[in-house]
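> Take a look at the letters that make up each chain.
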Amino acid sequence: MRKRIVFLAVVVVAVMAGGAGDEKPKPQSAPDPYNYTDYNRQALRSHFPDVELLTQDNRRVLFYSDLIKDKTVVIQFFFTHCEALCPMTTPILAKVQQDLNKRAQGKVTFLSITVDPSRDDPGALKQYSASFKPQPGWYFLTGKKEDVDLIRKQLGVYDPDDKKVQHMNVLTIGKEPSAVWLSMEALAKPDDIANTVMRVLAWPGSKSF
Amino acid sequence: MLNRRDLLKAGLFSSTAMLHLGGARFNSWALDGGKNPGNPNVIPFQASLPIPVTKTPVSPATLPGVPLFNDGIPTDYFSVNVHQALVQLLPGKQTLIWGYDGITPGPTFQARLGRRIVVRQTNNLPSNMNVHHHGGHTQSLSDGSALPALEIPPGNFRDYIYDNDDDVGGTHWYHDHTLDVTGHNVFMGLAGFYILDSATIDNLNLPGGPVDANVAGGPFDVPLVIQDRTFDANNQLVYNPFDHNGFIGNTFLINGAVQPKLRVGNRKYRFRLLNGSNARFYQISISSGRSFQIIGSDDGLLKAPFEATSFRLGPAERVEIVVDFSFYVPGPNTQVFLDNTMIQTEGRGPDGVDPTQPFHLMRFDVMDTILDNSTVPAVLETGLPVFNRAEAVRRRTFEFNRSDGAWQVNSRFFDPNRIDATVKLNTTEIWTLKNGGGGWFHPIHIHRNGFFILDRNGVRVTGHEAGLKDVFVLAGGDQVNVITKYTGAKQLGEYVFHCHNIEHEDMRMMGLFNVVA
Chain A
1 MRKRIVFLAV
11 VVVAVMAGGA
21 GDEKPKPQSA
31 PDPYNYTDYN
41 RQALRSHFPD
51 VELLTQDNRR
61 VLFYSDLIKD
71 KTVVIQFFFT
81 HCEALCPMTT
91 PILAKVQQDL
101 NKRAQGKVTF
111 LSITVDPSRD
121 DPGALKQYSA
131 SFKPQPGWYF
141 LTGKKEDVDL
151 IRKQLGVYDP
161 DDKKVQHMNV
171 LTIGKEPSAV
181 WLSMEALAKP
191 DDIANTVMRV
201 LAWPGSKSF
Chain B
1001 MLNRRDLLKA
1011 GLFSSTAMLH
1021 LGGARFNSWA
1031 LDGGKNPGNP
1041 NVIPFQASLP
1051 IPVTKTPVSP
1061 ATLPGVPLFN
1071 DGIPTDYFSV
1081 NVHQALVQLL
1091 PGKQTLIWGY
1101 DGITPGPTFQ
1111 ARLGRRIVVR
1121 QTNNLPSNMN
1131 VHHHGGHTQS
1141 LSDGSALPAL
1151 EIPPGNFRDY
1161 IYDNDDDVGG
1171 THWYHDHTLD
1181 VTGHNVFMGL
1191 AGFYILDSAT
1201 IDNLNLPGGP
1211 VDANVAGGPF
1221 DVPLVIQDRT
1231 FDANNQLVYN
1241 PFDHNGFIGN
1251 TFLINGAVQP
1261 KLRVGNRKYR
1271 FRLLNGSNAR
1281 FYQISISSGR
1291 SFQIIGSDDG
1301 LLKAPFEATS
1311 FRLGPAERVE
1321 IVVDFSFYVP
1331 GPNTQVFLDN
1341 TMIQTEGRGP
1351 DGVDPTQPFH
1361 LMRFDVMDTI
1371 LDNSTVPAVL
1381 ETGLPVFNRA
1391 EAVRRRTFEF
1401 NRSDGAWQVN
1411 SRFFDPNRID
1421 ATVKLNTTEI
1431 WTLKNGGGGW
1441 FHPIHIHRNG
1451 FFILDRNGVR
1461 VTGHEAGLKD
1471 VFVLAGGDQV
1481 NVITKYTGAK
1491 QLGEYVFHCH
1501 NIEHEDMRMM
1511 GLFNVVA
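If you read the sequences in order, they're chains A and B.
Quick note on numbering: my numbering labels position 68 of the first sequence as 68, and the sequence is numbered without any gaps.
Quick note on numbering: my numbering labels position 215 of the second sequence as 1215, and the sequence is numbered without any gaps.
Hints are computed from structural coordinates only; laboratory data are not their basis.
Don't be surprised by glycine CBs; every beta carbon is placed ideally from N, CA and C.
Be a bit skeptical, because a hint or two may be false.
As the list claims (entries may be wrong) - Okay, derived cross-link-like pairs now, DMTMM-like style, lysine to aspartate or glutamate, Cα gap no bigger than 25 Å in a straight line:
no. : chain 1 : residue 1 : chain 2 : residue 2
1   : A       : K71       : B       : D1243
2   : A       : K133      : A       : E83
3   : A       : K102      : B       : E1151
4   : A       : K153      : B       : D1243
5   : A       : K71       : B       : E1151
Said to hold, decoys possible - Heads up, incomplete: computed chain B residues facing chain A, CB under 8 Å, no partners named:
no. : residue
6   : L1096
7   : G1208
8   : V1238
9   : D1243
10  : A1406
11  : D1506
12  : M1507
Please model the complete structure; the sequences and the hints are all you need to start from.
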């Protein structure tokens, strides 16, 4: 008979103050290490810094809370002035989105994040994206350079060996609620990418051990 | 600017310094500093070396729908339940692992040449999985390669048929091979031994063989899988799926226990070493500096034993050795260590061998006086296949390189719908495996067949590398020529070949070949 050790740390911070603008802090419990999915979702959060980004419609969003949490995502890095790989990659993603909207309507979020935020403001993103006719659920994103670079580092796509743009042409694909993440090259065939996303969509979670 | 060699000589060995040499490098997630870092929470040599249990066969009647045969070939049936489990690896909290039958390493399959086995693998993990018999001459549909069509979703099972019609017996292993997530699945514990024995090998009277059947104090034939891992503050295995360079850990497990000890007697032992790490390379030696006999490589025994004091063991390679402890006086303080002297601080590849800084992977306590009738004959395996260079009908070149930050074979990424080589049954081919360079190491694994290395960079190879192999280490700039013959009419269809740095493999550093009649 296996013993089950349950690990629960409950942190409750009570703030008693009279001010009207005080926030009520939520009680936090650490995830059970013996629930693989819950524990790994929490452990992987550091790879998705909750930094503020701007969409092509000039909306403010938080990277983890609004774009990653509870979602299945495909993440691309690009810049509007790219002449080499992005002109090939973004059309591939457009095809992938069309395909997935037939097979799993609205279930997949696409994130295209600029690696050149100083030049790519929301207006530039809007103009760039228009030519690919993105369907709803595809966000083109910019933000502060240090925030975007942090995301790139945490996702393992910041490539110091690449002297020009320091950029790996890789798609990050994952289903946050199942804590499953993988990468594949951005220049794969659209149906290869779509099939991979469908596999990820079907990934299960786990009950507590 | 100091280079690595200068630092090594000066004895200044900080991993932080190493990582920043030659420009910024993406820091491998789990590093802990130090040349051969260990986990500060580990007290080594507390646990006894676990010997994975041997799988016992079941009646096929208990496996409804399992393939049955009427061709007269003796067949054994096995059933494996793949599920999560808790194990006590470190002081404090138990660690959640994924295991074949809930153990890691998984149970050992003891198979015999010419005797078929069927294994039903039932998936009770929160993930897709499959099972690759690494080293096996396996039918395509049972090879468990990365093709998504071969995956087992949770709650389902798959029956794997292993004909065991290889040319020779050897030390194989089995592990997960699910496309894009193999590094994670193997890291969580999905690996085990598959030992293929034969009458030829039995008759050699090697340690632990039939000659030792009635000798107490064993086992004298011991599989040893080396795996490096990193545990978080709660003793859990948390994999970083965003590090594509290669996972390097700071805690070393042998047969699933952290730096264990094994009580031995003053006689010969056969050790089957397997590098089960995702990306780490080892340089193996015995602490006393005494030589041992290398008797086997990936896919079988050598023609003759090769005396050595040290060898490199790349990811997924197997090397069999016989260590003779009769040179030591048995007693409570007679301790001999299995050492690693390969410094490696990042997934790109090993930094180099530093014999002045051995890391003790496990300890042998030579305490007993035990009878030894085992031998290491001058002639080992007589059944090795002969591949004739003059008969080669095709030469192919595969270059493994890095492009746009991801991994390629001949400038392309793996596409499960694209065949990269069509090979004809019963023909001989020579493959040239080239490493594009950049300081990256790539241990290349080819499914289905054993090969011989003709040369590495124009130089003949020695030691275990001269044996029958299925993993070929390419250091930066290396070019290795390998030869095989595609025998076996049962083994038609698609197979993969790929880098066995599993993080590279997961980035599709892989190709597909098709064997046709």
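> Among the hints numbered above, which are violated by the structure, and what are their numbers in rising order?
7
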